[in-house]
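Chain by chain, the residues run as shown.
Number of protein chains: 2
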Amino acid sequence: MADVAFAFGESIYGQKKLGGTMSIEEALAGFAIAPVTGAGAREMMRLSLFDWAACGIAGEAEPLAAILRAKALDEGGAGQASLIGGGKGPMRAAALVNGAVSHALDYDDTHFAHIGHPSVAVIPAALAMAEVKGAGLEDMIEAALIGAEGSVRVGLWLGRDHYQIGFHQTATAGAFGATLAAGRIAGLSQAAMVQALGLAATRASGLKSQFGTMGKPYNAGIAAETGIEAADLAGRGFTSSPVGLSGLQGFGQTHAGIAEEDALEGLGARWRMESVSHKFHACCHGLHATIEALRGLGPSGADVERVRIRTHPRWMTVCNQPAPDTGLGAKFSYAHVVAMVLAGVDTSAIANFSDEMARRPDLVALRGLVTVEADPRLSEMEARVAVTSKDGGLREGSYDLDAPMSLEVRGEKLRRKAEGLLGAARAKALWQAVRAPDLAPLTKLLQATS
Amino acid sequence: MADVAFAFGESIYGQKKLGGTMSIEEALAGFAIAPVTGAGAREMMRLSLFDWAACGIAGEAEPLAAILRAKALDEGGAGQASLIGGGKGPMRAAALVNGAVSHALDYDDTHFAHIGHPSVAVIPAALAMAEVKGAGLEDMIEAALIGAEGSVRVGLWLGRDHYQIGFHQTATAGAFGATLAAGRIAGLSQAAMVQALGLAATRASGLKSQFGTMGKPYNAGIAAETGIEAADLAGRGFTSSPVGLSGLQGFGQTHAGIAEEDALEGLGARWRMESVSHKFHACCHGLHATIEALRGLGPSGADVERVRIRTHPRWMTVCNQPAPDTGLGAKFSYAHVVAMVLAGVDTSAIANFSDEMARRPDLVALRGLVTVEADPRLSEMEARVAVTSKDGGLREGSYDLDAPMSLEVRGEKLRRKAEGLLGAARAKALWQAVRAPDLAPLTKLLQATS
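Protein sequences appear in the order of chains A and B.
Per my numbering, the very first residue in the first sequence carries number 1; after that it's consecutive.
Per my numbering, the very first residue in the second sequence carries number 1; after that it's consecutive.
Next comes chain A alone, as it looks inside the complex:
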């Protein structure tokens, strides 16, 4: 483990320590207050911030946003931090509202290492605390990066069982990341950060069984709120368990954690957040590689005789609806998204996944040309596409979502996504806002959505 920037114990629930050096809480806390070295990771976080804000502003039109904002405004309090959609509230309330609203469309970033959405839990906490403390944009981005990286690492430490048994990792691991982000901006000492993590451990929650209800985006809001609450209280001298995450009967042990010993390897030196994924299409992630592969071939609907898709077997039961007749169904249909691409319909625009679009006759006709096959040789992030033209030509393509993508290309794709969500003018203003010295251009855009 030569590459461990912050040595930590290989303790499982506080039983053992490697060299007795550091608990995971101490390691995370040390990481959270140290200088950030990693320009690539910081720029990736800036792109995630851009994408997060675009999803949040667009998500403001969802019914849950109106409920949560009305509740926050009824409760009132100090106008510390901006609410997406207008107004200000206490930083805790802002974190809750913005976390939920930005996850409402389920279009925000994902990290596949632990299956979580890092930004929706972490950025709202970082941003709200930054507004309170008068921090600049770059400090906020660094804190968000620390928090997002921390949430992915905690997610890896908890392991896949935690997710499989039913915990919504976005919310649970996210709460610890949000705490690190908020605590960094609040200027917590390492010792206070450990206390904050202990408070997060006794507050963190969120169940996958809420999926399909407002409870799913709400979980992201809870995580962001917990980050603010834990950092705030720890800064005031509130005490908690110093091994709230890793100790006996701590969060890990009680929540099916496996205490993966390599989870923190390279912490502070290598950045898991450099491999975060962004959604460029407003549909199930299982369809994205297919869409990219097909777009690369560039066929037009009128010329196509047949389209053959090969994908990882797991997706066959997830997103292979042959003939959806609702917008929601269309989000889970190979045939339909292939038809959209062939017909030149923008798959990055949420509005295009409507009931009307699911029934559009030309798309329905094109769906009939598509066959989908499971191919166990492919990874979950790969797809292969073969298009036979009416003139007998054959074009084949493939795509791997895990393939490297330069920050420039990613940025361009995210800008096009944002244009679809917000229109060109607001997307451009947002692009500039995440490069401004202070937070005001960003918070102004977040507040002025209607």
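Treat each hint with caution, since some may be false.
Restraint-style ranges between C-beta atoms, simulated for each label pair [stated by the list, open to error]:
id, chain 1, residue 1, chain 2, residue 2, range
1, B, Leu248, A, Gly136, 43 to 51 Å
2, A, Pro63, B, Asp262, 38 to 46 Å
3, A, Val318, B, Ile258, 25 to 33 Å
4, A, Leu407, B, Leu248, 36 to 44 Å
5, B, Thr37, A, Ser354, 46 to 54 Å
6, A, Leu248, B, Leu248, 22 to 30 Å
7, B, Met316, A, Ile165, 51 to 59 Å
8, B, Leu248, A, Asp375, 28 to 36 Å
9, A, Gly237, B, Asp262, 52 to 60 Å
10, B, Thr21, A, Gly136, 55 to 63 Å
11, A, Ile165, B, Ala374, 33 to 41 Å
12, A, Gly266, B, Ile258, 38 to 46 Å
13, A, Phe211, B, Asp262, 57 to 65 Å
14, A, Arg314, B, Gly136, 55 to 63 Å
Derived from the structure by calculation, the hints contain no laboratory data.
Just so you know, these numbers come straight off a predicted model, no measurement behind them.
Backbone N, C-alpha and C fix where the C-beta goes; we use that ideal spot for every residue, glycine too.
Fit chain B to the supplied structure of chain A, relying on the hints for placement.
Coordinates of chain B only, in the frame set by chain A:
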């Protein structure tokens, strides 16, 4: 199951239903909005309210109270509900502060059926919502009773494993109880109450590994806050899983619940809250039977040659410190509490468990007369005491904390406890306040503690 007022499924995580009648969520929701029939239970809840308020007012001097109140006042917002110690805040904030503050001394009521403190989670939620809705005292007490009963039933449904694995049942089961209490006063429909329970399911949290830190009382505050949040959001139309507690990957399945099928038996007809326990001595519950047995004998220190205690074996490693020299240690010492009783020192007064008292020479001398023996024939709630006098006389006594106690006797004991905590004048005013038609006398006392 003829005695089930609200039929419910014997479903384990939504897999099976007895007669397909009702989920546990529907049963609890139906219970929560029905009329309360049970005068004895209501009067017991009135006593618990009295005791809760006395503990809360006394707890306001603890350091965590100042931190939480300062945070709530910094956050500000609508002055909807009273904060123990002064001021008002949004109902959510009041529930959090008052839940934590009232549990700060760990002197509040306990239900041994599921090992939880019902009142500290439920009453703050009921009270805060009652202040917002302008409910009268009797309606608030009924809601608190519903919530407390609900939390005990949910605790029984989760089962002992849930507690043993590390979940702080006061907080977890308590969150559901607080939701029922707040939801009843908010006037939720049965359907909305089910949604509120779903939101509580994805928010409920709290770990036993926080014991010994401010995190323990904070857990009670979290539960009360969750009750307000869940009821408020459900009332606004927020959606969640309708089987958030009992469904696949719901709270029960993910939190080591056993889905005990008899947990709701007799719900609405028989009241578990009629057997709630109150602490009458400011020390470990394992010492209480001994204190009561000894007090019944009435010996005076100067006459005593020797005191022999017999207790359940489990307590030998819990509260048998032979020679404590701190107030905290004295709370876990048979010898010391026996010395206090012999010397006429009030064991109900928290101030008497001080470092100074632990070292008082006459008490230290009396401690030397005490021997403690384990007796596996006794229950955990029993103790036997034998006092040998200097004149050779022998007096023997025993006590069982589980023995029935009339509401009158209990009330008198709680009044004496409150006098020790608050002084005679405030204790009397509080006794009257829990019999007033409206909440004002109670909230006035809660606010005016300093």
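Violated constraints from the hint list, given by number and in increasing order
7, 9, 13
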